[in-house]
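Below, each chain spelled out in residue letters.
There are 4 protein chains.
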Amino acid sequence: MINVTVYNEYVHELEDESIAAVYPKGIHNCIADFLGKDDDINVRTVTLSTVEELTEDVLKETDVLIWWGHCAHEKVPDEISERVYNQVMCGMGFIALHSAHFSKPFRRLMGTTCSLCWREGDRERMWNIMPSHPIAQGIGDYFEIPAEEMYGERFDIPTPDELVFLGWFKGGEVFRSGCCWNKGLGRVFYFQPGHESNPTYYIPEVQRIITNAVHWAAPLYRQLSVECPHTPSPEAAFNS
Amino acid sequence: MINVTVYNEYVHELEDESIAAVYPKGIHNCIADFLGKDDDINVRTVTLSTVEELTEDVLKETDVLIWWGHCAHEKVPDEISERVYNQVMCGMGFIALHSAHFSKPFRRLMGTTCSLCWREGDRERMWNIMPSHPIAQGIGDYFEIPAEEMYGERFDIPTPDELVFLGWFKGGEVFRSGCCWNKGLGRVFYFQPGHESNPTYYIPEVQRIITNAVHWAAPLYRQLSVECPHTPSPEAAFNS
Amino acid sequence: MINVTVYNEYVHELEDESIAAVYPKGIHNCIADFLGKDDDINVRTVTLSTVEELTEDVLKETDVLIWWGHCAHEKVPDEISERVYNQVMCGMGFIALHSAHFSKPFRRLMGTTCSLCWREGDRERMWNIMPSHPIAQGIGDYFEIPAEEMYGERFDIPTPDELVFLGWFKGGEVFRSGCCWNKGLGRVFYFQPGHESNPTYYIPEVQRIITNAVHWAAPLYRQLSVECPHTPSPEAAFNS
Amino acid sequence: MINVTVYNEYVHELEDESIAAVYPKGIHNCIADFLGKDDDINVRTVTLSTVEELTEDVLKETDVLIWWGHCAHEKVPDEISERVYNQVMCGMGFIALHSAHFSKPFRRLMGTTCSLCWREGDRERMWNIMPSHPIAQGIGDYFEIPAEEMYGERFDIPTPDELVFLGWFKGGEVFRSGCCWNKGLGRVFYFQPGHESNPTYYIPEVQRIITNAVHWAAPLYRQLSVECPHTPSPEAAFNS
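Residue numbers (the working numbering), protein chains in the order written: chain A, 1 to 240; chain B, 1 to 240; chain C, 1 to 240; chain D, 1 to 240.
Derived by calculation from the structure, the hints in this document are not laboratory data. Just to be clear, a hint being listed does not mean it is correct.
As the list claims (entries may be wrong) - Mimicking DSS-like on lysine-lysine, the simulated pairs with C-alpha atoms at most 25 Å apart in a straight line are: (1) D:25 with D:37; (2) C:60 with C:75; (3) A:60 with A:75; (4) D:170 with A:170; (5) B:25 with B:75; (6) C:25 with B:170.
Just need the whole structure built from these sequences, with the hints factored in.
See the structure below:
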């Protein structure tokens with residue numbers, strides 16, 4: 001069983017009727033709903049108003065943390081971002097969606113600005129450039145998102161360990177839309193689609209990719225802490 | 001002309017006579033001396049007691065910042081670490097030496113704990129596994145460091161973009177001793193040798209590697225800031 | 001069920017009594033025996049004298065091909081090496097053991113000389129530098145091989161996509177001993193231990209690593225062929 | 001002085017008047033002309049009809065070999081492709097242009113099929129995703145190619161060590177258009193633009209990129225051969 005925690009700041013949906021029309025129960029519950037159809041996944045949700053629930057204990061029990069945030073990144077306490085970072089170091093998986101490129105924990109993990117170019121809605125075609133990757137299973141050569149906020153290069157990220165998807169936008173831009181990193185003992189996946197005003201998280205391919213990513217990011221090995229140990233000489237031990 | 005700033009916390013040399021005997025003018029001046037022999041390099045030095053000299057203006061004029069720190073990482077103000085990080089994003093080169101693996105700016109850039117295993121002095125043999133790399137020019141298949149603190153795996157760093165040197169220690173350990181990353185617009189090099197009690201920075205190969213690394217890390221392209229711009233559609237521009 | 005084919009040239013064991021004493025049934029059967037204990041793995045073996053059994057049909061049914069060769073690389077027909085290469089492109093996993101660094105299919109896949117330095121037997125300590133990797137599961141910080149042929153850097157391989165193990169040799173060398181690559185749709189793992197005169201394949205950690213590697217390299221996605229298709233404009237299709 | 005050899009099969013230009021109208025002296029001479037404006041570059045050209053001039057001696061004196069081929073890949077003798085491969089292993093730079101993705105030496109170096117999707121002419125926008133890279137100097141955020149053959153993903157190449165350019169095509173495709181690899185001691189760059197019927201090699205940005213790539217690929221270190229040496233124990237030497 002994979003324990004997934006979905007964090008969504010849940011601000012747009014409450015403040016804007018047009019957004020609420022797209023995600024009546026919030027983006028977090030939309031994601032929880034489709035993940036919940038996978039018998040191997042157990043989901044809980046957290047929002048900005050309940051962000052203090054992301055205690056060390058909850059994070060230690062979380063195999064994969066999914067993060068959606070946009071207008072309220074700064075309201076997430078630094079301490080909680082640091083907790084998330086620490087658990088990724090110890091093995092927890094982390095999936096950053098769309099505007100979470102600018103969330104505190106993602107920027108902390110990347111060590112870069114995570115800056116990009118952006119523009120209002122456009123049509124996107126998502127190309128699968130690594131069909132052998134676990135996250136790409138069930139996805140064809142490409143699929144389409146009729147309306148999505150444009151995120152374009154240069155995306156200021158460290159070189160991805162694996163680049164799985166490339167986004168094409170009708171307006172003329174490209175984007176490294178699906179990127180994997182090993183960070184500490186944890187696995188991190190960034191996936192670009194999912195603006196709050198678009199029904200992106202209802203698209204079957206998007207649901208499949210996020211579900212695949214949960215399986216991929218679930219830790220095989222987890223530590224309680226990462227330390228810098230003083231060690232005796234292994235050679236000495238070898239000789240004894 | 002490459003403007004290099006060498007930061008050394010300069011604490012051990014002042015507090016411990018045996019360290020002062022190795023580096024009478026401090027590690028920073030030892031490094032400044034050998035770099036100064038390169039006609040293309042202009043060096044200034046900063047220590048913990050003068051760390052406020054690392055203003056934004058000084059960092060903007062710095063092509064490559066070299067960092068040595070060990071016992072006083074926490075005394076470097078967060079604000080200065082953040083300034084360093086910002087300039088690397090904009091293109092400044094950064095070279096972290098030995099125990100600077102735990103310095104604030106290096107950890108900030110890596111986004112990992114940078115933890116490792118360590119042990120008192122041992123003999124090290126440094127293997128050159130990428131002889132075509134600019135930083136490895138003039139270095140043979142390997143060279144030896146008669147006495148060096150042991151730094152061993154697992155070194156908790158993100159996958160290096162280029163792995164140039166591997167360290168072998170007589171006591172039975174190995175280490176990714178020379179690692180390169182592109183971070184933002186800047187180039188980062190970590191080089192493991194250089195414990196304060198060992199005369200490592202007098203070894204010709206070590207001096208050559210650090211000098212090579214300065215040339216490698218000097219920016220070809222530098223920005224004043226990295227932003228996340230709202231853009232018109234390039235396609236629209238293309239059509240006009 | 002994962003279908004594994006183990007190729008061993010099986011020459012040393014037949015020609016040299018001291019080798020036969022280590023692997024009485026041949027290296028291939030030693031490997032087949034420990035893999036066979038895994039209920040999810042189905043094994044067949046092939047040797048140089050039966051190498052023609054590596055038909056296209058057999059390779060298409062093979063999920064992971066393990067290769068051990070040393071003195072008879074040149075006796076493997078080019079056509080069979082090319083068949084192996086083609087199936088890796090289509091998704092078959094490939095595990096090259098020890099002196100298979102110089103085998104035809106491995107060199108074909110790497111596109112480099114795969115040259116290294118070598119020396120008669122030495123003690124090796126194998127360091128696990130990526131404990132979160134599927135292939136490293138069940139392996140501690142390091143394990144020891146009392147006697148193994150020394151393989152040392154520079155190992156002329158393309159940058160591994162993932163570097164899982166580093167070998168330390170008492171005589172003073174280091175080696176990238178466990179390396180992963182994505183090649184075409186297939187996954188490739190190179191693992192350095194396993195000289196014919198040493199009982200290396202009886203070591204539990206070695207068996208665990210090879211078993212883990214079989215699971216890791218088994219394809220999630222496989223094609224019948226890889227082509228370079230002429231395509232209509234997807235945009236045109238999108239508009240229609 | 002960097003010695004560059006430009007190979008162009010030079011078939012289309014001789015057989016088709018419309019192609020000859022674009023490149024009256026052949027693609028090779030167009031490239032030689034703009035490279036020749038760089039005082040540090042010395043150029044010679046070779047075509048399919050003179051391909052035997054690519055002797056071992058000529059290749060050893062060549063710092064960077066540029067390759068353009070399309071309809072006559074198979075007419076290049078295997079022996080010459082192998083010579084090229086060997087010199088890259090020893091340090092020679094290699095730049096593959098456009099349809100040279102299917103040339104013998106490029107495929108030999110990659111160890112993959114180098115398959116891609118393609119379609120007749122389209123508009124391309126080339127995005128610079130690594131503005132700090134030596135090959136991207138002088139190039140803005142993007143530039144445009146009014147007419148170019150579409151090359152689209154999936155491009156079956158090994159993970160690039162550095163991904164510098166991404167191509168966007170109006171028809172809906174994306175492509176990893178500028179890719180770098182370290183192979184052996186040599187540096188390899190693939191650059192997608194340059195169909196024979198388009199005046200692509202007259203575009204200033206394209207000329208700048210190829211010129212930059214020549215400087216980047218020129219070897220700092222070159223060997224006469226790459227061998228697999230039997231070595232004495234360095235430790236023994238260290239102790240003596």
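We went through each hint and held it up to the structure:
1. D:25 with D:37: holds, 17 Å
2. C:60 with C:75: Within the cut-off at roughly 22 Å; holds.
3. A:60 with A:75: holds, 22 Å
4. D:170 with A:170: holds, 7 Å
5. B:25 with B:75: holds, 21 Å
6. C:25 with B:170: violated, 37 Å
Going through the hint list in order, the structure does not satisfy hint 6, though it satisfies all others.
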